[in-house]
Amino acid sequence: MTQKNGSLPIQPKKNKKLKQWLPVYLMMLPGLVYLFINNYLPMAGLVIAFKKVNFSTGIFKSPWCGLDNFEFLFKTKDAFIITRNTLLYNFAFIIVNTILAILIAILISEIRGKVAKTVYQSAVLLPFLMSYVIVSYIVYAFLSGDTGMINHSVLPLLGISKIDWYSSDKYWPYIIIFVNFWKSVGYGVLIYIAGIAGIDSSYYEAAALDGATKFKQVVHVTLPALVPSIITLTLLSIGRIFYSDFSLFYQVPMNSGMLYNTTQTIDTYVYRGLLTLGNVGMASAAGFYQSCVGFILVMCSNLIVKKISPDNALF
Amino acid sequence: MVLSKKQRLGNVFVHLILILLTVIMIAPFILLFMASITDEKTLLLHGYAFIPTKFSLSAYAYIIKSGSSIIHAYGMTFVITIVGTVINLLLSSLLAYGLSLKDLPGKKFISFFVFFTMLFNGGLVPTYLMYTTIFHIKNTFFGLIIPQFLLSAMNVIMMRTYFQNSIPTELYEACQIDGGGHLVIFKHVVLPLGKPIMVSMGLFAGLAYWNDWTNALYYVNNRSLWGIQSLLNEMISNIQYLNQNSNVATNLNMSKFPSTSVRMAIAFIGLLPVLVLFPFLQKYFAKGIAVGAVKG
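Listed in order, the protein sequences are those of chains A and B.
Once you know that position 282 of the first sequence is 290 in the working numbering, the rest is easy, because the numbers rise by one and skip nothing.
Once you know that position 164 of the second sequence is 175 in the working numbering, the rest is easy, because the numbers rise by one and skip nothing.
Excised from the complex, chain B in its bound form (with noise of 0.2 Å):
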């Protein structure tokens, strides 16, 4: 096809934007990134800089050094996300299966339980009270896990959704004619031909534990359990605190606090499985989102 002029210069007009968007959006990771690799003095005199004055490596061998307190809340942060995701896959593709069955009694009743969930809930407090004096998950490698992210309403029903438009019912009944079992039709007809949605599900599950914090900060004090944002939290609130309070700062014994390089090079450490794995995961992280516009 060919382009008249003035349909060219718009072209350019409109990659012009997106590359200053593309811009805003990623400028700010390469400043944090830039942070780590410079010299704690030029930081400290230079302020943050895209180019810094003088690099150094310095944080990320401190990191490997001395950072077996950083090092075992990375490992924290991969376990709670591992456990976290595959309990979360499994409980909701199970409810997400019984939801899809077209003639289970009481289906409507099941769904408006789960999709009540999304209209109201009970808010931070009473769900604060329940977790820490009934079933006592406060500064427990449950208290990580169970709170907030286990099940979400909205995924059950993607996913119940995406099971009755994409399964055919022939396989149901060709299961059942076979002495199938649901269990059987579960694992052997449901998991494989509903791999894209439980990926994608997967995905954002794993990724709201990847990035939690807010759970060790309401129910774990215990810092041996605590994942890399925790950590990454309770860095960035001594810094506030010692900004407020800047008298106490002379009185604290600063070599034992973690340098600005080093903070930022945990925060990046904090980002690069994200980052990582993006482009890999990027057209299912697309493909969940597509598909929590259509309906249920």
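Here chain A stands alone, though its shape is the one from the complex (with noise of 0.2 Å):
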């Protein structure tokens, strides 16, 4: 605001304005320097990728390193191997977890008891609730070496030996895709069940009488209902392609060294790096590498929904 060349009949006027402002700034203010302080003053700290960290001179005072860091990062396996697990777990998520959340939405509703209904509602929604260190605990409970379920109880019902889970990498793709399915369907389920309640009854009315038969009146009404949060959310995940979540991929394998092969993700990556291995460059480098990237992720998946449906764009 230009305080000084206010002429005097506008100058009561402003500072009535601001008077009435004024309390709102205030009470806006404490949200926005935490905004401040936790998402954009480490946005700046970005830079620390093009440095050569030196924690005795401070992380402001150590020298540029160009772009060092990066070479370093993408000159090891690990750069292709985080970059090909982040992305190929959360392809499988996005469609593992949208058509099964909509198929159990779709049948849910079909549920006319009340409490029925209630009960599978809760039950899906249930692990979603749950903290990653507890499901750690029940998949060992499962998987663990000698006392596990799977290898005491049901892999000699079959004749199988027992698998040593914890250090065997080629399973981990399907027990995280199936913890993931079992920890966060729910979530999915219940935005689809509140769509398919916002649904028209007469439009399923009509269909009933033009003789449509249930299957197809999920084909051609309850479906295109759905279409607008489909988009929505599924753009919401393509945009965290390049995230994942670092207590899933951390927490569930028990950190095991073995299993990095098929459990690396950036983010457990980028953790190991800067707090295990004492590696700030590397893991500098591919935060740096997950923020831009990930960034042009969101903002082209927005693009392109813009152009083909523009009502369902994020913004």
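Worth flagging that the hints you see were computed from the coordinates, not collected in a lab.
Predicted model, so just to flag it, every value in this text is computed and none were measured.
Some hints could be false.
Straight-line distance between alpha carbons at most 30 Å, and here's what the computed DSS-like set of lysine-lysine pairs gives [unchecked claim]:
(1) B/Lys298 to B/Lys118
(2) A/Lys25 to B/Lys118
(3) A/Lys125 to B/Lys118
(4) A/Lys85 to A/Lys25
(5) B/Lys118 to A/Lys122
So, partial list: chain B residues that the calculated Cβ filter (under 7 Å) puts toward chain A [claimed, not checked]:
(6) His147
(7) Ser163
(8) Ile247
(9) Asn249
(10) Leu253
Note that CB positions come from ideal geometry on N, CA and C, so glycine has one too.
Take each chain as given, in its own frame, and dock them per the hints.
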């Protein structure tokens, strides 16, 4: 605001306006300050990816090193593995969880009994509310070497010998995809149930009058009505396709080094680089790579949706 | 309505699938609970089972008798969750209130400032270095509260939309004519009328704090500040360490190490509050999630 040039007649008005809104700005200030600290300062801090961090001189005084950190990172096999794992897991999650969530939501919406409906709905939501630490305890109860349920009770029944789950990386893509489905499908299910509940029942009545079977009603009424929610949710997931849930990939495989080939993602790599291996340079380069490519992907996916169906774009 | 035979058969089929799904969702929790009430020797000999051959409550007795550190961690989790959730709700509702006002000068810029944090972020390395070298929250209570969860742009946007849509502008105006300032309007109009969204958003914030173990992993090594999830995390990483270095195990005093059933009992206690509150709060969770589906 240019207070200096304010001529006399305007001055009181401006003061009044400021007086009117000042309390609101003050009310908003704590939240904005938090976002500035928690979100904006680290964005500026991304420059350390171009520095050779030296803790004794401090981060700001550490010398610049150009693209050295990136060169080191992309020379290793790790860069490829973490990119591949992060992308492939996210694709699998989007496909598996979207299809199954819609399917389950349609089935639950078919149920007329109120009690049964609540029970089913609660059951799919319950794992969503649990911490990943507890999930890893549960997975361990199934998969641990000698005492695990699968090795001890299931495999002998099938005549298969014990499997050392926590050191065989080839099984983990399936385990992770299943655990992710079990833990988080409930979220999508509830969104789609809300979407289905919002469909005008006269559409179904008209379809039934025309002799449409239940299956045809689902294909021609339910699914088209869900398209906006599907696009919004998928868009949100595609925007985050370069990110992974650190807890899922760190906690559920119990941080087992022998599984890194199929469980290491960008997020676990950055954490291990920073705090267990002390390799700040590579960790910051991987973090920079994630932030920037992630940002480009959000913008692109939104742009594409904006072209196809502007109403469903996020912004 | 009379259902044809075919429709009834279809209904039974739908129920069967959903019952199977319910079992898949619930059974793992039952296994966890059963392990916590299984006799330790039976567990080691016969493995985890849904119906153990020998029951024992010794794990819970052990926790009550010798578990001062467990009870302390449990208390810490409660404190962290309550403090974090209250501050979170306060900050986000105040910010959302301002953004819900139609004529606020600079609203566009502030909205963008909030929204942009959803698109781009600095990631762990700069965040960690900033919090530890500039703000010095390492090994403090703040390290558990401040990073990550104190305010989420998504929640602010959902609250703003709710305030805009469900609080009539006439109420604001009436309040202003009566000489009520913004703080008065916020307290007497927005908070009471916005209660449903506040409850939903508060639940999500509370759940994030209750379930979090990452802030402690990044910022806090001091065990006296740890919550129950961090304690559980430490126990399971010790097991993994022992499994990978079996030669260490023989040299270690195994009697000091919590037995399998005790660990499962602690895990069960950790999820108990969520389990107990869930039936009462289920509908708010469902509502909160459904709100998220509607674009802000």
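For which of the previously enumerated hints does the structure constitute a violation, in increasing order of number?
-> 3, 4, 5, 6, 7, 9 and 10
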